[in-house]
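J.: So the sequence lines, in the order shown, correspond to chains F and G.
Be aware that the first sequence starts at 0, since it is given in numbering that gives the first Met the number 0, and climbs by one per residue.
Be aware that the second sequence starts at 0, since it is given in numbering that gives the first Met the number 0, and climbs by one per residue.
These aren't lab readings, by the way, just hints derived from the structure by calculation.
One thing to keep in mind: the hints can contain errors.
Unchecked claim - Take a look, some chain F residues computed to stay more than 10 angstroms from chain G by CB distance:
(1) Pro61
(2) Val71
(3) Thr141
What the hints assert, rightly or not - FRET-style restraints, in silico, Cβ to Cβ:
(4) Phe49/G / Asn275/F: 38 to 44 angstroms
(5) Pro241/G / Ser164/F: 18 to 24 angstroms
(6) Asn45/F / Trp75/G: 55 to 61 angstroms
(7) Arg81/F / Pro197/G: 54 to 60 angstroms
(8) Ser208/F / Asp258/G: 49 to 55 angstroms
(9) Phe49/G / Leu8/F: 55 to 61 angstroms
Glycine included, every Cβ here is placed at the ideal spot set by N, Cα and C.
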Amino acid sequence: MLEFFAKRLATIVPTLVFVSMLIFGLQQLLPGDPAVILAGEERDPNVVAYLHAKLHLDEPLPLRYLYWVRGVLQGDLGVSVRNEQPVLALVLQKLPVTVELALIAMAFALAIGIPAGIVSAVGHGTAWDYAANVFALWGLSTPNFWLGILMILLFSVQLGWLPASGYVSPFEDLRANLAAMVMPAFVLGNAIAAVLMRHTRSAMLQVLSADYVRTARAKGLREPNVVLKHALRNALTPIITLGALELGTLLSGAVLTEQVFSIPGFGKLIVDSVFNRDYAVVQGVVLVTATAYITLNLLADMAYFLVNPRLRR
Amino acid sequence: MAAVLPLDYTTTTPPAEAGPWRRAWRRLLRRRGAVLGFAVVAMFIVLAVFAPWIAPQDPIATSWSAIRQAPTPTHWFGTDEIGRDVLSRVVWGTRASLLAGVVSVSISLLLGVPIGLAAGFIGGVVDGIISRITDAFLACPFLILAIALAAFLGPSLTNAMIAIGVSATPIFVRLTRAQVLNVKVEDYIEAARAVGNPPWRVAWRHVMPNVVAPLIVQATLAVAAAVIAEASLSFLGLGQQPPAPSWGSMLNTAKNYVDNAPWMAIWPGLSIFLLVLSFNLLGDGLRDAFDPRQR
Chain F
0 MLEFFAKRLA TIVPTLVFVS MLIFGLQQLL PGDPAVILAG EERDPNVVAY
50 LHAKLHLDEP LPLRYLYWVR GVLQGDLGVS VRNEQPVLAL VLQKLPVTVE
100 LALIAMAFAL AIGIPAGIVS AVGHGTAWDY AANVFALWGL STPNFWLGIL
150 MILLFSVQLG WLPASGYVSP FEDLRANLAA MVMPAFVLGN AIAAVLMRHT
200 RSAMLQVLSA DYVRTARAKG LREPNVVLKH ALRNALTPII TLGALELGTL
250 LSGAVLTEQV FSIPGFGKLI VDSVFNRDYA VVQGVVLVTA TAYITLNLLA
300 DMAYFLVNPR LRR
Chain G
0 MAAVLPLDYT TTTPPAEAGP WRRAWRRLLR RRGAVLGFAV VAMFIVLAVF
50 APWIAPQDPI ATSWSAIRQA PTPTHWFGTD EIGRDVLSRV VWGTRASLLA
100 GVVSVSISLL LGVPIGLAAG FIGGVVDGII SRITDAFLAC PFLILAIALA
150 AFLGPSLTNA MIAIGVSATP IFVRLTRAQV LNVKVEDYIE AARAVGNPPW
200 RVAWRHVMPN VVAPLIVQAT LAVAAAVIAE ASLSFLGLGQ QPPAPSWGSM
250 LNTAKNYVDN APWMAIWPGL SIFLLVLSFN LLGDGLRDAF DPRQR
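So here's chain G without its partners, still in its complex pose (with noise of 0.2 angstroms):
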C-alpha cells in the first residue's frame, strides 16, 4: 500500500534560503581579521565621538611647565614642545582623521558613482570622453594630485578632504564601469528594458543594486588610504591647521624633537597605523566575504 503523504507536506513551503547580503554577512563574521578590524575601527568612532569625555586635558592648553615631557601619570603619552598633553592631542586627533576618512569617500562616491554609471550604462561617445578624463586623473598620482588641488585651493582640513576626494574619485568611476558593463548585457537587464523601464529607471533600480558589493569593498579600502592622505597632507602641512589637533601635523612637529622626545612621535603614528590597518582588514574581510573566488 502506497504510503500517504500527509496533507501539509505539499502545501508546506521550504525553508527560505538566506539571500547573498545574509550570506556575506555570515561569511564576514567568521573572518577573525574582519572583526577585529571593525572592532577597532569602531573604537576609534567611539573616541572621536566623545573625545571631549574622555580626553584627559585640553588637546590645546599649553603649559610651560611641562614642555616635552617623558610620559608621566599625568600625561600618560607625554607633552608637546609647547606643553600639550600628547594622550588628549591623540584622541581629538581621531576626529579629523576620521572625518577626512568618511568625508573623502562620500566626496569620491558621490562623484564617481554617477560618472561610472552613465560611462558604463550610455557607452559610446560619453563613455569615450568620461574614459579618456578618467585616464588623466590616474596619470597624476594621488598624492600629487590631492597637494596640488590642496595648494591652490588653500591649506585647511576642508580643502584636503575636497582634494582627496576628487583625487580618489576615478578609481570609482572605472570600478563602477567596468561592474556595469558586466551587469547590462545580463538578461534580467534585458528583460527590465523589454517591459519599457525608461533607461534611468533601469540605471538605477536594476543595475545599481548589483554593483554595490565591490563599491562597498573599494569604499572601505578607499577610507584607509584617505586617512593615510589626511595624514600626509597635514604633516606637509596642507591639512587640519594648528593649534587644532591631527595626527599628521603632530607628526610634522614630532620629526623636530625625534632626539629627545620620541614619545611625541610614537602615539600619532601608531594611531594612523592601527586605524589604516583596521580599514585594511575590514575591507580585505569584505571583500572575501562579497566575493570568496577572490580569496
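Chain F on its own, in the form it takes in the complex (with noise of 0.2 angstroms):
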C-alpha cells in the first residue's frame, strides 16, 4: 500500500513543476515591460524600479523562474498591487466562503445526481430513464449564471423568499447564511449533479447485470435490499474518482456564481483582480487552484484505493 501511494505522490512532482512554469509563464504573455504593467493606473517610477529588483526583471528568465519558485514554496506568492496586502493572505481570507459554497454545492449535487441515476438505471428504458436523462442534458446544457438570473427572478424578486445577493458569515447569523448560500449553491451543483447522474447511471448498469446482483435476487432478497446494499455499494467505487474530477467544474463555475451572486469569495477574487489589472492575485488564485486540485485528486485517488480491496492485493 505504501508503495502504491509513495509512487502516486511522485508522479505529482513533474505535475506540480510544469503547472508552476506555467502560471509564471502566464507573466510573459503581458505586452511590454511587466513592471510597468504590474506597477497599476499610475505607473510610479519608484513603483516600477522596485517590481524591477522584486521580481528580478533584469535576470535571464530561467533565472527568474527559479526565483520566483523560492518564494512559492516559502509563502510568497507576491503582493496585491491594488490593496498592498500578500496574496497569500488574500487568497486565505476569501478561501472559506469558496469552500463552504463548493460543499454545500456538492452536497446538492450528490443527493439529486446519485439518486437520480439509481432510479433511471433500475427503470432503465422507462419513462424515468428517459426523464432523468432529460434532467442530465438540461444540467449540462444551462449556463449556471443564466440559471442564477433566473432563480434570483423566481424566488427573489417574484416569491421574495431568499436574499438576492451577499453573504453572511455562518459564525455570525447561521440561517441568514443558508439563505443566502442556498441558491448559489443549487446553481453550481446543478451542472455536477447532471454528471454524476450519467456516472451513476453507467456504473449501476454495468453493475446490475453482474453475475452477484442476479444471486442475491435468486436468493430471495427484496429489490432495494439488491439495489441499495449489494449494487449501490459496488458502483459507487468509480464514483469517487469521477465525482473528484467534477471538483475543476466546481472551482470554475463558483467563479460565476460569485459573481451572480455578489459572494464575496475565490473566484469573486479573481474576477476583480483581473479587472484592477491585480496579475499576482490571477497567478495566485490559479496556483492556489491547481494545487488543490492535484490534492485533492490525489486524495480520491488513495481513497478508491482504500475502498477497492482487489487493488491491495
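Take the two lone chains and join them into the complex the hints point to.
T.: Following this line, the structure appears as C-alpha cells:
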C-alpha cells in the first residue's frame, strides 16, 4: 500500500513543476515591461524600479523562474498592487467562503445526481430513465449564471423568499448564511448533479447485470436491498474518482456563481483582480486552485485504493 | 441431374457492404435527438450568416424613448437599458457564440491532435514530457485557466477564443494519444511499417484515419463547452466588448435589471441553452453512431 502511495505522490511532482512553469509563463504574455503594467495605473517610477528589483526582471528568464519558485515555496505569492496585501493572505481570507459554497453545492449534487442515476438505471428504458436523461442534458446545457439569474427572478423578485445577493458569515447568523447560500449552491451543484447522474447510471447498469446481483435476487432478497446494498456499494467506487474530477467544474462554476450572487469568495477575487490588473493575485489564485485540484485528485485516488480491496492485493 | 448454375452467378460480385462512415451516418439519422440537435444548430448557423437580413433593427442603435420596454409588436423580445432591440442583439449575438465555438475548437484540434499523435506514436521521453505538460494544463480548471489567459492577453473576443482554445487543447492531446496507443499495435500498422513507409506517413495515412471518429465526437461536445465558455468570459467582461452584441455580455447587463426588465435575461440565456443543448444532443448522437456499444 505504501509503495502505491509513494508512486502516486512521485507522479504529482513533475505535474506541479509544469504547473508552476505554466503559471509563471502567464506573466510573459503581458505586452511590454511587466513591471510597468504591474505598477498599476499611476506607473510610479519608484514602484516600477521596486518591481524590477523584486521580480528580478533584469535577470535571465530561467533564473527569474527559480527566484519565483523559491518565493512560492516560502509562501510568498507576491503582493497585491491594489490593496498592498500579500496574495496568500488575500487568498486564505476568501477561501473559506468558496469552500462552504462548494461543499453545499456538492451536497446538492450528490443528493440529486446519485438517486437520479439509480432510478434511471433501475428503470432502464422506462419513462423514469428518459426523465433522468432529460434532467442530465438540462444540467449540462444550462449556463449556471443564467440559471442563477432565473432563480433570483423567481425566488427573490417574484416570491421574495430568498435574498438575491450578499453573504453573511455562518458564525454571525447561520440561518441568514444558509438563506444566502442555498440558491448559489443549487446553481453550482446543478451541472455536477447531471454529470454524477450519468456516471451513476452507467456504473449501476454495469453492476446490475453482474452475476452476484443475479445471485442476490435468486436468494429472494428484496429489490431495494439488492439495489442499495449489493449493487450501489460496488457502483459507488468509480464514482468517488469521477466525482473528484468534477472539482474543477465546481471551482470554475464558483467564479461565475459568486459573480451573479455577489458572494465575496475566491471566484470574485480572481474576477476583481483581472479588472484591477492585479496580476499577482490572478497568478496566486490559479496556483492555489491547481494545487488544490491536484491534491484532491490524489486524495480521491488514495480513497479509491482504500475502498477497493482488489487493488490492495 | 445436377442443376447448372447460370454463368453470371459466379461472376456477379456480391452487393457492396456499406462502409463504416455510411453505417454511422445511418445510425445517426435514426437518433431523433441528434437530428433535432443538427436542425437547431443549422438554424443558428443560418441566423449567424444572414444576421444583417434577419435582425429587424440595428443591434447597436440606441433609443432613449424605448428604454427597458417590455415585448411589443415593434420589439418582440423587448428593449435593453439603453433602448436597443433585444431580438436584433440576440440574432447578431449568434455570430460571436458560433464563431467562438468553432474557432476555439479548431485551435484545440490544430494544437492537440499533432501533439497527441506525436506523444502516442513516438512514445518514450517525448510521450513522458508531453503527458506531464498535459497533466499540468488539466490541473488548472478549464474556465479559471481561460480567465487567467484572457486576463493576461487582454479582453477581446479574439483573445477569449485563443484562451478557450488553448485551455481545451489538453483534452484533445489526451484523447488522440490514447487512440493512437490503441491503434498502433494493430497488425495493419505493423504491415505499413514493414513495407517501408516512413514513420510520418504511417502516422498520417494509417493511424490518423482510425482516430478521427472519437475526435469528431469530442470536437462536437467541445463546441458546446466553448460556447458556454465564451458566454462565461463575455459575462465576466473578458470576451466580446461592448457595444458589439454577445449573449454573455447581454446577460451581464441583464442581471442588474432582473427585477424590472426580466426579458433582457430570458432571451440571450435561452439562446445559449438551446445552442449548447443542440451541440450536446448532436455529440451524444455521434458517439452512439460511431460506437453503438457505448449506449
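J.: With reference to the structure, classify each hint as holding or not holding.
T.: Hints, one by one, checked against the model:
Listed as a non-interface residue, Pro61/F keeps its Cβ farther than 10 angstroms from every Cβ of chain G; the least gap is roughly 17 angstroms. With a least beta-carbon separation of about 15 angstroms from chain G, Val71/F lies farther than 10 angstroms from that chain, consistent with its non-interface assignment. A beta-carbon of chain G comes within 10 angstroms of the beta-carbon of Thr141/F; the shortest separation is about 6 angstroms. For Phe49/G and Asn275/F, the Cβ-Cβ distance of about 41 angstroms falls inside the hinted range of 38 to 44 angstroms, so the restraint holds.
As the Cβ distance of Pro241/G to Ser164/F is approximately 23 angstroms, the hint placing it in 18 to 24 angstroms holds. The hint said 55 to 61 angstroms for the Cβ distance between Asn45/F and Trp75/G, and at roughly 58 angstroms that hint holds. Separation of Arg81/F from Pro197/G is about 56 angstroms and conforms to the stated range, judged on CB atoms against 54 to 60 angstroms. At roughly 52 angstroms, the beta-carbon separation of Ser208/F and Asp258/G lies within the given 49 to 55 angstroms, and the hint holds.
At about 57 angstroms, the CB distance of Phe49/G to Leu8/F agrees with the hint of 55 to 61 angstroms.
Comparing the model with each numbered hint stated earlier shows that hint 3 is the single one that does not hold.
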